[in-house]
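*Asks:* Could you put the whole structure together from the sequences, leaning on the hints where they help?
Number of protein chains: 2
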Amino acid sequence: MEFDALNKSGMTNLFSALGKSIELPQGIFYWLGRAKTEAEINATIGSAKGPASEIIDGGGDETITFYLPSMQESFGGLTSEETFPYAPILGLPELRAAWKGYVLHKLADARDRVEPCMTLPVMTPGITGALHVAAKLFIDRDEVVVSPDRFWGNYRNILERNIGARIETFPFFDGDRFNVQGMARKLLDTLQDQHKAVLVLNLPNNPVGYLPRQETVAPLVEALVNVVEESSKSLVVLLDDSYEGYVYDPEAAQRSIFAELCDCHRRILPIKLDGISKEMLFYGGRIGAMTFGLPTSLEVDRATLESELENKLGALIRSTVSNSPRPIQTAILKALQKLDITLAERQRVIDVLARRANLLRHELEKLDCPPLKPLPFNAGFFCFCDIEGLSAEKLADHLMTKYKTAVVPTESGKINGIRVAFCSVPEGQIPLLAQNIADAIADLTQKE
Amino acid sequence: MEFDALNKSGMTNLFSALGKSIELPQGIFYWLGRAKTEAEINATIGSAKGPASEIIDGGGDETITFYLPSMQESFGGLTSEETFPYAPILGLPELRAAWKGYVLHKLADARDRVEPCMTLPVMTPGITGALHVAAKLFIDRDEVVVSPDRFWGNYRNILERNIGARIETFPFFDGDRFNVQGMARKLLDTLQDQHKAVLVLNLPNNPVGYLPRQETVAPLVEALVNVVEESSKSLVVLLDDSYEGYVYDPEAAQRSIFAELCDCHRRILPIKLDGISKEMLFYGGRIGAMTFGLPTSLEVDRATLESELENKLGALIRSTVSNSPRPIQTAILKALQKLDITLAERQRVIDVLARRANLLRHELEKLDCPPLKPLPFNAGFFCFCDIEGLSAEKLADHLMTKYKTAVVPTESGKINGIRVAFCSVPEGQIPLLAQNIADAIADLTQKE
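The listed protein sequences correspond, in order, to chains A and B. The first sequence runs 5 to 452 under the working numbering. The second sequence runs 5 to 452 under the working numbering.
Everything labelled a hint here was simulated from the structure, so no lab data went into it. Note that this is a predicted model, so its numbers are computed, not measured. Some clues are possibly wrong.
Given that identical chains are not distinguished, each listed pair holds provided it fits within a single copy or across any two copies.
Stated by the list, open to error - Straight-line distance between alpha carbons at most 25 Å, and here's what the computed DSS-like set of lysine-lysine pairs gives: (1) K377 - K418; (2) K200 - K104; (3) K408 - K53; (4) K12 - K398; (5) K40 - K53; (6) K24 - K200; (7) K237 - K418; (8) K398 - K104; (9) K200 - K406; (10) K237 - K24; (11) K338 - K104; (12) K406 - K40; (13) K40 - K237.
*Replies:* Written out as structure tokens, the structure reads:
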């Protein structure tokens with residue numbers, strides 16, 4: 005493949021060395037494709053297939069992918085053809101289309117803006133798979149990736165330990181708001197030494213369950229536009245939208261800022277990363293989706309550009325996992341086909357989490373405990389409390405030992421605090437959880 | 005983690021630069037682990053959990069991972085807890101133990117030899133995931149990987165395009181036997197420039213459906229031992245056992261040579277890579293397994309060595325896909341728990357494929373078609389025919405256009421031939437398939 009459209013659009017310049025070089029050879033897929041439409045005898049397919057009657061007593065003449073009938077029992081609601089055959093490298097076409105429809109449903113207010121930019125989503129092994137593929141495509145060893153200073157610990161595994169990049173951070177909050185100016189300054193600093201910058205935004209955030217207020221969205225986008233204008237360089241924005249939809253505050257942005265980033269500037273490339281772990285409460289399913297917001301002003305043939313990009317993504321997926329599991333993809337497709345039921349069922353969970361979040365905020369506010377500084381939270385699965393004047397790890401240990409209360413401490417750079425996963429604590433335990441934290445802090449500070 | 009045992013055992017020297025540096029920080033897992041046994045209030049878990057009654061009408065008080073009840077319909081034979089929660093990074097413990105038992109079942113004749121060497125299998129996203137993780141751990145950019153000259157096309161994507169290594173080959177056959185001496189010579193050549201060599205063996209092979217005869221196994225292992233003795237260097241052997249068990253010839257080795265490679269030399273490290281795609285006829289399931297045969301003579305504490313190795317593997321998996329899908333793992337576990345039924349069902353498929361393979365061999369032998377040189381085949385899913393004197397791609401095109409018969413051609417280096425996937429061609433079509441190939445060759449050679 006020549007990648008003329010990627011080159012001409014300037015996108016190639018955003019790629020890592022691997023992203024520039026990698027390519028999925030089309031040879032075998034060319035022959036598989038022709039076989040599908042032209043062949044009467046098809047000896048190209050590397051799966052065992054034949055008449056059902058050959059392997060199943062009472063089976064018919066129809067050609068099936070051979071499988072173990074007793075294995076089907078685990079997938080009672082699916083047919084064997086929905087379960088056992090390989091899925092295409094980039095995902096089931098019907099699921100890709102349905103996920104696109106679902107993203108547009110979520111961003112319905114900005115549909116006219118988003119739709120012309122949006123690529124057909126590509127399925128990956130969970131949000132981790134989406135981050136890994138994006139990182140491989142865009143980020144080189146020793147390159148700086150910009151993130152707020154509160155981020156999911158696995159970013160270090162993916163971006164630093166695996167890719168060899170370096171995460172540089174800005175403080176998440178400016179007072180009780182998302183730190184738009186700090187983000188812009190860090191990006192401009194980074195662009196002094198790099199021809200492009202990659203920004204990762206996880207909103208709602210893990211470990212800080214915070215989503216910026218609606219009024220912050222426009223300034224945030226404007227700040228990013230200023231960054232690329234002022235630097236005359238380019239920006240790739242990886243939107244880790246794992247917790248999209250888990251919002252407990254009417255004043256917060258209710259959905260991904262992918263909508264506003266689409267077509268905000270020809271040198272800003274937003275990439276929306278979704279996961280079913282939280283989105284569909286299917287942690288063990290391991291499907292994620294990558295959707296690009298390609299600026300409409302790129303002066304190349306749109307279909308060619310997208311097929312070249314899909315070749316790059318296909319090469320990365322084929323060379324790491326080949327493809328993603330079919331029965332999970334089928335199950336998600338079925339859930340999207342009855343979206344009203346799916347969203348109604350999910351709303352019950354969101355309502356439970358909203359009650360817990362609001363109760364936890366209320367209980368933390370009631371405490372008279374100066375070393376405990378809960379950061380603002382209004383979304384997602386967690387709240388994070390900075391701890392002043394004592395070690396977060398010592399606190400977590402004491403909380404566990406004396407109060408049988410488990411939290412995850414972080415001591416890293418300037419950050420010293422505990423993550424409280426209200427997502428997994430029943431409402432009835434939340435007042436005691438808050439009180440135990442305060443009591444443990446009192447124990448430790450009185451001792452000193 | 006200090007990796008003292010890996011260092012002292014010499015295994016670290018076999019690792020790539022990434023393999024040497026990568027590490028999975030234990031912080032969060034330490035706290036999650038303590039929480040499991042010590043906590044009464046557990047605010048560490050990043051999944052939404054609570055009493056079933058909170059999200060399901062008529063649900064009870066028991067704590068569950070929240071899920072979408074209508075999604076469960078696709079997994080009719082599984083409970084929600086078997087479907088929706090995350091699986092551990094390295095796989096479900098019960099499945100890892102059961103897969104170990106299954107490998108030992110397959111290698112039952114060599115159990116006493118294998119068991120002391122064998123690690124607990126680690127679950128990966130299919131055989132591709134297993135190859136990718138192994139490649140990342142052991143192979144550096146620009147390093148030579150040795151393979152027979154007939155190999156699965158995706159090796160180029162994984163090893164060359166993704167990792168940046170270089171595949172160097174030896175001719176698969178010496179006459180009608182596996183080319184043991186050619187393999188040894190290529191390894192010795194490679195070891196002149198490298199401190200270790202990585203060999204990939206895929207037996208039964210894709211695209212050549214060949215498994216060495218039983219009488220070849222001992223000389224093959226002996227040749228590898230001679231290589232490490234003569235060079236005083238080390239060898240990592242990646243056994244791509246995707247097609248293990250699909251054997252149609254009583255004189256062929258009936259199972260993986262992992263058995264013989266275990267403990268054959270302290271500087272030979274065999275790694276067995278399994279997949280459920282073929283093994284359990286579950287292509288779309290995307291689970292594979294990696295099992296190391298650690299020499300018993302390594303003078304380090306065995307449990308420590310294995311836990312350090314698991315840390316490295318965990319870091320690679322966590323930073324690419326996080327973990328593998330739970331419902332698929334559960335389904336495989338259930339299949340292994342009723343192994344007699346599973347293997348009986350699979351035997352019906354093996355019998356079908358054996359009949360096809362034997363018929364295809366017979367039909368090809370009957371043809372009077374000198375340019376067509378079928379390579380020996382006795383196992384797996386494919387046969388491969390070298391083509392002399394005309395382009396394999398032209399032949400495939402003509403076969404498709406005139407005879408509606410689809411095969412996959414290869415023209416690469418010295419190889420010019422067609423892969424015939426008898427696995428997906430019903431028995432009744434096989435005589436015509438063979439005849440069409442001969443007729444197409446006759447058409448093209450008469451024209452010239």
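*Asks:* To test your reading of the hints: which numbers does this structure violate?
*Replies:* 2, 4, 7, 8, 9, 13
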